[in-house]
Amino acid sequence: MNINVMLVDDEDIDLEWLRRRVVSNRLPSLKVAGTAKSGFTALEMMEQERIDIILSDIRMPIMTGMEFARKAKAINPHVHIIFISGHQDFSYAKEAIHLSASGYLLKPVDDDELHEMLTMLCSKIETERKQDLSLTETLNLVNQELLLRWFNEMTPGPIEEHVTDFLAPLLHHGSVVSLIEIDDLAWKIKAMEEDDRRSMTTDVSNFVRHFADKKHLGYVISSYDYHFVLISTLQKEHLSILLNDLIQAFSQRFPFTLTIGMGMHTTEMNKLHDSYHQAQAALSIKWILGKNRLIRDASEWLPTEKMASQLEEIVEQMLRAMLEYDLMTIDDCLQMLFQGNAPLYQKNDVYDLIIRITSKLHAELRQMNENLYEIVKWDSHEPQILFQFETVHDIVSWLRKRFFELSELLYVKKQGQKRKLIDEITDYVSSKLEQKITLIEVAAHFGFSPNYLGQLFKTETNILFSDFLNQLRMKRVCELLLDPTLKIYEIAERVGYKNMIYFNRQFKLSMGMSPGEYRKKNKV
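Sequence positions in the sequence shown follow the numbering used here and run 230 to 753.
Hints were generated in silico from the structure; no laboratory data involved. Hints are supplied without guarantee of correctness; some may be wrong.
[What the hints assert, rightly or not] Each computed DSSO-like pair below joins lysine-lysine, with the alpha-carbon atoms no more than 27 angstroms apart:
1) K704 - K716
2) K647 - K661
3) K737 - K687
4) K665 - K642
5) K353 - K443
6) K727 - K716
7) K704 - K749
8) K687 - K647
9) K500 - K260
10) K260 - K336
11) K336 - K353
12) K716 - K687
13) K300 - K417
14) K752 - K704
15) K336 - K266
16) K500 - K300
17) K302 - K260
18) K630 - K647
19) K737 - K749
20) K353 - K300
[Claimed, not checked] Listed next, with one range per pair, are the computed distances between beta-carbon atoms:
21) T356 - E389: 17 to 27 angstroms
22) T655 - R631: 28 to 38 angstroms
23) D526 - T356: 33 to 43 angstroms
24) A478 - Y453: 15 to 25 angstroms
25) S267 - R438: 47 to 57 angstroms
26) S267 - D560: 43 to 53 angstroms
27) Q277 - R427: 30 to 40 angstroms
28) S452 - A478: 14 to 24 angstroms
29) D560 - Q664: 47 to 57 angstroms
30) N231 - E634: 50 to 60 angstroms
Just so it is clear, CB atoms sit at the ideal spot from N, CA and C, and this is done for glycine as well.
All chains should be built: construct the whole structure from the sequences, respecting the hints.
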């Protein structure tokens, strides 16, 4: 694996001279990862890539080499820093030693001295990496279960000495425990063949480990059900940036997402146990806050969701919205059902609420001769699908989709029923045109009140019933006028007009001509 070196100097000439000297050393593992003319640029580079060695001028404008070194150590406590300066700045040597600098070179830098310094650091870094790998392998093979068991104890007891030996160096500068959870993996790979499932889980695990290694996140330990424990020595702010990068990179690579809970930063063994439980608490509120995110501190979260107290009224409002195909109100009702001040900590609370909602909807629809479960093809006796969801948001999204489908199906069905009713009314009125027919009579025949039927007819046909009746009568009059054996007054009486003056006025108003003119036009 490469050892990445970064060069920092505000002078172009000095920076290029230093780059050429480092490259000319030809150490096989050494790679110049980048150069920077200021501490700010160098820190940005450290956010993006692992840097093992920094060669930096100690005198730079705005941010001095010392200030840059402090910030660099906060990002990566393991980075090795070599300061380069002139004789007049040698007074900085004491402060450089205090900052745990790995070396101090005086200008003009001697090539042999630079080579010796770089060779020594490369050897040291390779030794450290071998030790880290050995420790990690030992932990994975021998002590992983012991450490996880200790983490999961409510009250931490004594920990095995060799596990303590592993943790102690990590706590020297402080460590953070994070829990990484792969969202929805269990049910999404359920339908896969065994070989494909094994390959997918291996790829996922390797991706997390490779990212952690590449970015120097820390030590990754496999836990239960597609979870990983990460013990990191990075400062929380820098760790947060890298964990968010991991979440984004993971979602781009796989059809899954990651949710990560982070604990506190500590230098004490027992508080590392507390850090793990804080990470657990943070991860547990994924149920409420949602997935594909980093959750840093569960104690800062203020719950805002609960089961609604006015269930009956809200479900009735939602049913009315479904019948009217009012999707916005359906969504509003769902939000009301899951918002408030008492949190839904338990999934069973939500499942119980869903059963209550669907049971009430089913009962209401039964009174309308409809069956909720038949309409949406939802087996009320097999609600297992609900248990695959990992967040309240997932469940609400699923409910929203199903209730929108239900609303559309009810609306289409209702529209079909209304169209059929309008057709039946039209046929009935047409058959009664030669009798005195009124809205009151039609409403009574179909079992509605005149007011309701009048409103329904206007809504569905965009015409008043009286105007519709008049149009049908005029259409029938025109048909009869084409029969030369019928007198005009006979036609008027047949379609219900007793007053000839009123009949003539209505015909002329509708057709733009008198009945006689209509016959003349049609050569009758």
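(request) Hints the structure violates: just list their numbers, smallest first. (result) 4, 9, 12, 13 and 25
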